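With chain A held as given, fit chain B onto it using these hints.
Protein chains: 2
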Amino acid sequence: MPDFDFHVSAFAWVPETSRGWVKCLRPRWAFEEAGFAYRTTRLGPGEGGSDGYRAWQPFGMVPAYDDGRVRLFESGAILLRIGALSDRLRGWDDAEEATIASWVFAALNTFETHTSRLTDGLPGAVEAVSRRLEALEAALGDREWLVERFSVADIAMATVLREIGETAVLRRHAGVSAYLARCLARPAFDRALQAQFADFDDSRVA
Amino acid sequence: MPDFDFHVSAFAWVPETSRGWVKCLRPRWAFEEAGFAYRTTRLGPGEGGSDGYRAWQPFGMVPAYDDGRVRLFESGAILLRIGALSDRLRGWDDAEEATIASWVFAALNTFETHTSRLTDGLPGAVEAVSRRLEALEAALGDREWLVERFSVADIAMATVLREIGETAVLRRHAGVSAYLARCLARPAFDRALQAQFADFDDSRVA
Numbered sequence: 001m002p003d004f005d006f007h008v009s010a011f012a013w014v015p016e017t018s019r020g021w022v023k024c025l026r027p028r029w030a031f032e033e034a035g036f037a038y039r040t041t042r043l044g045p046g047e048g049g050s051d052g053y054r055a056w057q058p059f060g061m062v063p064a065y066d067d068g069r070v071r072l073f074e075s076g077a078i079l080l081r082i083g084a085l086s087d088r089l090r091g092w093d094d095a096e097e098a099t100i101a102s103w104v105f106a107a108l109n110t111f112e113t114h115t116s117r118l119t120d121g122l123p124g125a126v127e128a129v130s131r132r133l134e135a136l137e138a139a140l141g142d143r144e145w146l147v148e149r150f151s152v153a154d155i156a157m158a159t160v161l162r163e164i165g166e167t168a169v170l171r172r173h174a175g176v177s178a179y180l181a182r183c184l185a186r187p188a189f190d191r192a193l194q195a196q197f198a199d200f201d202d203s204r205v206a
Numbered sequence: 001m002p003d004f005d006f007h008v009s010a011f012a013w014v015p016e017t018s019r020g021w022v023k024c025l026r027p028r029w030a031f032e033e034a035g036f037a038y039r040t041t042r043l044g045p046g047e048g049g050s051d052g053y054r055a056w057q058p059f060g061m062v063p064a065y066d067d068g069r070v071r072l073f074e075s076g077a078i079l080l081r082i083g084a085l086s087d088r089l090r091g092w093d094d095a096e097e098a099t100i101a102s103w104v105f106a107a108l109n110t111f112e113t114h115t116s117r118l119t120d121g122l123p124g125a126v127e128a129v130s131r132r133l134e135a136l137e138a139a140l141g142d143r144e145w146l147v148e149r150f151s152v153a154d155i156a157m158a159t160v161l162r163e164i165g166e167t168a169v170l171r172r173h174a175g176v177s178a179y180l181a182r183c184l185a186r187p188a189f190d191r192a193l194q195a196q197f198a199d200f201d202d203s204r205v206a
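Just so you know, the protein sequences line up as chains A and B, in that order.
Just so we're aligned: 136 in UniProt numbering is position 136 of the first sequence, and the numbers increase by one with no gaps anywhere.
Just so we're aligned: 142 in UniProt numbering is position 142 of the second sequence, and the numbers increase by one with no gaps anywhere.
Certain hints may be false.
Stated by the list, open to error - With beta-carbon atoms standing in for the labels, derived distance ranges:
#1 B:Gly-49 with A:Ala-95: 34 to 42 Å
#2 A:Ala-185 with B:Asp-51: 47 to 55 Å
#3 A:Glu-127 with B:Asp-202: 23 to 31 Å
Claimed, not checked - According to the in silico footprint, chain A covers these stretches of chain B (three or more CB under 8 Å from chain A):
#4 26–40
#5 57–70
#6 88–99
#7 133–140
What the hints assert, rightly or not - Pulled a few chain B residues facing chain A out of the computed Cβ check, cut under 8 Å:
#8 Phe-73
#9 Gly-76
#10 Leu-122
Hints in this document: simulated from the structure, not taken from any laboratory.
Just so we're clear, the structure is a prediction, and the values are computed from it rather than from any experiment.
Heads up, the beta-carbon is just placed ideally off N, CA and C, and yes, glycines get one too.
Okay, chain A solo, but in the shape it has when bound:
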């Protein structure tokens, strides 16, 4: 893909506890799986709120994406775009593409809405997440990935599940736990994580 100039936004600095958890991890992981080189625009303190950045990402958050042809915000939309451009991540046919899109939305709405409640210790969250994990376990069955091959659906789902990876709720679902471990064992995930760490610039914030 020599004529795409891949480019995502990232924070120049976040506290230690947020390192490895900023959502630019999702496009970074997809780029690593696809084998696409990419650049980052690092936002210094307050730059997320600037008018210039808000014209790209209305909420001042990361990631925002630009490939020289289209600009996107929201990690789900970005994952679908990178997936569509990659021979390694694309579905085999329209049916598989549709299933990938369904699972990306499932991860970021049906799951993340409730896993974030679990992380915050809110009432009812354990039961809500548990029901969804049970359904996910059944949907996975004996398959390695959400669709026949690894796809951006797995990147979306694994990054959401990873947030609750140490909880008893997740550990009760052995199939999902094994699926998450399989996703996070991919070398491209580790490269994405290291790239996020490497991009923080401690010299800029005294």
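Okay, now just chain B, sitting in the frame of chain A:
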């Protein structure tokens, strides 16, 4: 589109308080805007949990979608599909399509995760929603819709905002309130709402 056989799942019965709020409203609205005829598969009591339905919608929820070519679940994925098939809802070019996809994800993740917390009266939700409404108001500016023309992005966003439509938080943001009113005043929204109401079958549940 004579060779697409549009088809969504819906509940055959829900309590009065849920009527008009079931998420099959989103594809119904998109079909009405597009001018596409569609059929519904109505799920009776317990049918959502059946293996047959779970093979279509892994979480036993509605809507699930089938157009004879692809099957989808998750209302966001369904909206993007209907939008892509409709000359009335499609973006003008790739850039606009990308913006539409970004806003559909923004509605169902950046917004709905927090508006559902507001509906449930959870701590911090007012501030989180308020910040997002402020950003949305700035992003809208003087435009009528999220992109240049009405699109499935507006259907996603309006159905999420409608859930907090009577709250003080929303009313404080006059531009967003006016935007929501503009969306809900569209005749296609009303037709979708009436179609959902008409589909409930009280004779089946004694």
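Do the hints match the structure? See the list:
Judged by the Cβ atoms, the range 34 to 42 Å given for Gly-49 (chain B) and Ala-95 (chain A) is violated: they are separated by roughly 24 Å. A beta carbon spacing of about 31 Å between Ala-185 (chain A) and Asp-51 (chain B) contradicts the range 47 to 55 Å that was offered as a hint. For the pair Glu-127 (chain A) and Asp-202 (chain B), the supplied restraint of 23 to 31 Å holds, since their beta-carbon distance comes to about 30 Å. Against chain A, the segment 26–40 of chain B contributes 0 residues with a C-beta closer than 8 Å to a partner C-beta. That does not satisfy the three-residue criterion, and the hint is violated.
For a cut-off of 8 Å, the count of residues in the segment 57–70 of chain B with a CB near a CB of chain A stands at 6, and the three-residue condition holds. Under the rule that three or more residues need a Cβ within less than 8 Å of chain A, the assignment of the segment 88–99 of chain B holds, with 5 such residues. Under a criterion of three residues with beta carbons nearer than 8 Å to beta carbons of chain A, the stated coverage of the segment 133–140 of chain B is upheld, 4 such residues being counted. Because the beta carbon of Phe-73 (chain B) sits about 5 Å from the nearest beta carbon in chain A, less than 8 Å, this interface hint is met.
Of the supplied interface hints, the one on Gly-76 (chain B) holds, with its beta-carbon coming within about 4 Å of a beta-carbon of chain A, less than 8 Å. Annotation: Leu-122 (chain B) was flagged as interfacial toward chain A, and the flag holds, the nearest CB pair being 6 Å apart, inside 8 Å.
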